[in-house]
Every structure is written in C-alpha cells, then in structure tokens.
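Take the sequences, apply the hints, and build the full model.
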Amino acid sequence: AQSVAQPEDQVNVAEGNPLTVKCTYSVSGNPYLFWYVQYPNRGLQFLLKYITGDNLVKGSYGFEAEFNKSQTSFHLKKPSALVSDSALYFCAVRDGEGNYQLIWGAGTKLIIKP
Amino acid sequence: GAGVSQSPRYKVAKRGQDVALRCDPISGHVSLFWYQQALGQGPEFLTYFQNEAQLDKSGLPSDRFFAERPEGSVSTLKIQRTQQEDSAVYLCASSSRGGYGYTFGSGTRLTVV
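First to last, the protein sequences are chains A and B. Letter 29 of the first sequence, counting from 1, is numbered 29 in the numbering used here, and no numbers are missing. In the numbering used here, each number is its position in the second sequence, counted from 1, plus 1000.
No incorrect hints appear here.
Derived pair list, reagent style SDA-like, types lysine to any residue, alpha-carbon separation capped at 25 Å: (1) A:K109 x B:L1039; (2) B:K1057 x A:A106; (3) A:K58 x B:S1096; (4) A:K49 x B:V1030; (5) A:K77 x B:G1040; (6) A:K69 x A:A1; (7) A:K77 x A:P7; (8) A:K113 x A:F63; (9) A:K49 x A:S28; (10) B:K1078 x A:Q101; (11) A:K77 x B:G1101; (12) A:K22 x B:T1103; (13) B:K1014 x B:G1040; (14) A:K113 x A:R42; (15) A:K58 x B:G1101; (16) B:K1057 x A:S3.
Hints listed in this document are in silico derivations from the structure and should not be mistaken for laboratory results.
Given below as structure tokens:
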C-alpha cells in the first residue's frame, strides 16, 4: 500500500539556522514526490516536486529537497530559516504508473523563532 | 483562469441542509480532484475526474456526497443532509494530463451547526 510518513508533528528552528522537515514514503513503482506549504486559512501552495532526474530538487522560497531512493526519503531543507517560513508543511507522493491520486503525510508544523 | 477558484470561501450550514461547493479549475486542466481536510491534518482524497468522467470516487465518505463535472471544466461537490462530522475544509485541485503538478484552490471551509 502507498503511504507517506512525516515523523515529526512539529519542528522548531531558530531564525537563520538550517531546517529539515522529514518525509519517507512507500509506493509501488517510481515515485512522484511533492512538497506543499499551507499558511493559516489558506490553500496548499506548491513548493517543489521530484519526478525524475537530479536527486536534489530546488523549489520556491529557497527550499530544496533530496530524493533518496535507497532510504525512500524526500526531506525538505532550507539553509537559513526565516520567521515567515513558519507554516504547515505536507509531503505527498503518487506512483508514476498512472494512479493520479496523491497520498499525503499528516503534516509537520514548522516554527521559526526570531 | 490563472488559478483554481473555489466558492464559497466559507459556508455555514444547519445540520440536515444540503450544500453545493464549486470548483473552477485552471483552463485546460484535464484532471480534477476533491479533497477533504480536517483541522491540522493532511488532505484526504474524495474523488477524481478526468475531463467529465469520474474515474475514482472511492474516497467519498457516504452516499450523501456527490460530485459532478458535466462539461469537463467546472465541478460541484454536493453534500446532502449535512452532519456535524462533515465540517472540514474542502479542497479542489487540478492538473494537466500527466499529473506532474497539482494546483490547489483556497478551499471552502464548511461548518455544520
């Protein structure tokens, strides 16, 4: 069965420090992986995706993620956190074999402290 | 349009009332999805359209939920005889053929009182 795990409910980081939000997945076939961010009372905003190609993917607002096939992970990273990065982050996966349904993680609340 | 548009933005319904939620996807996007999101949780899949065909409705929680996309563009999610447990944010997303990227609307927050 396809699944996504975000093992941390909340991540606290000081402003200016690097941040990592973890995501692991299980999917049959080749994975298509996505990160979305959600601010309060807002819809989901696309950050980045991995479909194929380079394992390191760069996205919006300075975020990047690394696809690691052996560890089935797709952790979200940013070298220097901003207070404005505080939000709810979701990892999602679908298999590349034709099933269009996205499977979502439970979300990680990222809090950046000044 | 430039993005996915959902209306209304907020809806308060009395228990037992019927509601209709609208989604206007990005022009030309073949795929359309409805998700339900409870507070502080990830989205839960409800249903999927490819053009006007509803290919997957396995996530609809009961037969009170019904979705349609008659002309392959605008979609409506209808909930009959609303219950308190239907209170959630209903998200619509659309995608071009291939499903390489999904654009979400801002959602409709439904509160059943």
